[in-house]
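Here the structure of chain A is known, so what remains is to put chain B in place on it, guided by the hints.
Protein sequence lines correspond, in order, to chains A and B. Each residue of the first sequence is one higher than the one before, starting from 1 at the first, in this note's numbering. Each residue of the second sequence is one higher than the one before, starting from 1 at the first, in this note's numbering.
Honestly, I wouldn't trust all of these hints.
[As the list claims (entries may be wrong)] Here are the simulated DMTMM-like cross-link-like pairs (lysine to aspartate or glutamate), alpha carbons at most 20 Å apart as the crow flies: (1) A/LYS8 to B/ASP83; (2) B/LYS37 to B/ASP136; (3) A/LYS112 to A/GLU72; (4) A/LYS8 to A/ASP32; (5) B/LYS91 to A/ASP17; (6) A/LYS102 to B/ASP228; (7) B/LYS121 to A/ASP16; (8) A/LYS8 to A/GLU39; (9) B/LYS106 to B/ASP64; (10) A/LYS8 to B/GLU119; (11) B/LYS91 to A/ASP16; (12) B/LYS176 to B/GLU75; (13) B/LYS76 to B/GLU103; (14) A/LYS8 to A/ASP48; (15) B/LYS121 to B/ASP64; (16) A/LYS8 to A/GLU29; (17) B/LYS121 to B/GLU78; (18) A/LYS20 to B/ASP85; (19) B/LYS121 to A/ASP17; (20) A/LYS110 to B/GLU23; (21) A/LYS102 to B/GLU23; (22) A/LYS102 to B/GLU199; (23) B/LYS95 to B/GLU43; (24) B/LYS91 to B/GLU78; (25) A/LYS112 to B/GLU23; (26) A/LYS8 to A/ASP28; (27) A/LYS20 to B/GLU78; (28) B/LYS176 to B/ASP83; (29) B/LYS176 to B/GLU43; (30) B/LYS76 to A/ASP17; (31) A/LYS20 to B/GLU103; (32) B/LYS76 to A/ASP16; (33) A/LYS8 to B/ASP64.
[Stated by the list, open to error] Some chain A residues near chain B, calculated using beta-carbon distances under 8 Å: (34) ASN14; (35) ARG15; (36) GLY47; (37) ASN58; (38) MET80; (39) MET97; (40) THR98.
These are computed hints drawn from the structure, not numbers from a lab. Just so it is clear, CB atoms sit at the ideal spot from N, CA and C, and this is done for glycine as well.
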Amino acid sequence: MSLYYLQKFLYNLNRDDRVKAQYHENLDELLDQYDLSDEERQALIDGDIGLLYVLGVNGQILMHYAALLGIEWFDYLQLMRDGIAQHGPVRAGVYTMTGGGKAFTQEDSKQKDTAK
Amino acid sequence: MTLVYAGVVSHGPGITGRAHLVENTQERDRLYAALDKQRQEIEDSGAEVLVVVAAEHFANFFMDNMPAFCIGIGEKHEGPIEDPDWLGIPKTVIKGAPDLALEMTKEIMQTVDVAFAEEWKCDHGIMVPLHFLNPDGRMRVIPVNINCQGPPLTPLSRAWAFGEALRRACDLSEEKVALIGTGGISHWPATPDSGKINEAWDREFLERLMRQDRDALLSYTDEETYADGGQGGFEIRTYIAAAAAARGRGDLQFYTAQLPIFAVGCTVARFALEETA
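Pulled out of the complex, with its shape left as it was, chain B reads as follows:
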């Protein structure tokens, strides 16, 4: 087995960019400690490559050609596209893993029509996780995205199938691979409602996710998610794909709704890795 770690993490741009505005610094620092623990666990897994399954926010694709899934196969990626001072992360060049990404793409294509891109720009959706989980750039990075922004969105059942395909592709690798899904649960980002969080909905979703309840996870309609979890809730696709890749039960290591300034219920979790059938 060459997938050596699978987990999920939040990526709200405020987590880095608005750190200085937080009043509840104690809770903020608990979050940062949980993120550092996740970094340490990934490092302890021996991972050489980090696959980041993200919900892109118009750093690469627009509605002139919006893929349901895409994988970055370039030698390098750049980011953030956002103002570095606003995000609190300097512009940088990220090492890719082109050979492995290409092999993974071929395997994924056997069951899911994934797009691929040799150029990739990262927005906060990838930069924030990398800031905490790959701070020294030790791991090479394969960026992946699922369309959670430009309707019609990727169906949840396909996000699950994509996660399964990612797992097959990771397991073909001779290198050790970590996979992280990154998105929000309920949130209303980039609106005047920023900071609104439906904690009960979040916790119900996370329970389904941690117990690998596929049917319950795939039962959300986009209409329900929009009503209960806001447009940011559409990003549950990334968590669902990570769960499908891992197959094992989850361990919710951190969740808080007490940092609304970060515009999302901040989450850190990992999954056990079950052998695939």
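Looking at chain A on its own, in the form it has when it is part of the complex:
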């Protein structure tokens, strides 16, 4: 596990326009600068919000990353639920899911119903 470096990469990406440019130009070379497991590296290459959430990436960092990827709000919430369904509970940190995957807003509930 190298959650610290996984988060550090996302922290740098979220806040630094030069890192964002490198992210688009040469992601492999950028990721080489961080001590990541194969699973973490692949999750970043895939932009896999669900797996990154389960791996324990701090929620604020992950939320900003999802915004950077242009993911719509309700899709982002669902991707985290899907991640838990696929990979199990959040493995580290304080941003765990406590509500069993249910929606806590009427707007989100409607979105979920429409998606069924």
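Chain B in isolation, oriented as in the chain A frame:
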């Protein structure tokens, strides 16, 4: 006395970024009216500088060097770090107040080991309050943060001491200063539980805050806060610091748990300013 205004306000990114998704537009507009009233009150105070005591969310600091407190002393600050379309706030440059911030830092350091930063990037935690309270950029801004994200977190008792130090520092200023604490009460942001709000816990906390009950405010353990108020509840530190700076009783001008799409019980309050001992 040069602190001329002290209050608290919510900063959830949805308040600007998800405005268009809200079904309860009537309640949303009540919130926006309360925020505009707060803006007007700050303007009426004559404040020239706005100190924003925020709960940073990894715009400036990471766990390689995480300060318990930090104050921005730069000539300018930039933000938001987030995608501007997502947040609903365009990227902008914010005027700082370097001379005053430096003097404040020196005073605060007499009792609290505050860090300082000449570079500062703002995330939603500062941009959302500024969007409503300083829309024309009239006031220069001193950003301040308290570590509410990367455990071990700043102890509540130290947040109180920091608020007291901020007050001494503001009162040394020849300029008129407004201070706003910005955080959430109970919330589970950036999780699938976004929108979950513990209204009873919020109201109990706000009662303690409004009556300046220091002992009751500082009695929360992080374990209790996490269980009852979620990881977002750790941001009560910013409200506690604002209360300690103001010393006077609070006036809860607005609170609603009816906008869960904003992921937080939306709050607007101000404090009376009591003379310091």
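Requested in this report: Go through the numbered hints given earlier and state which of them the structure violates, listing their numbers in rising order.
Outcome: Hint check: 9, 28, 31, 36 fail, others pass.
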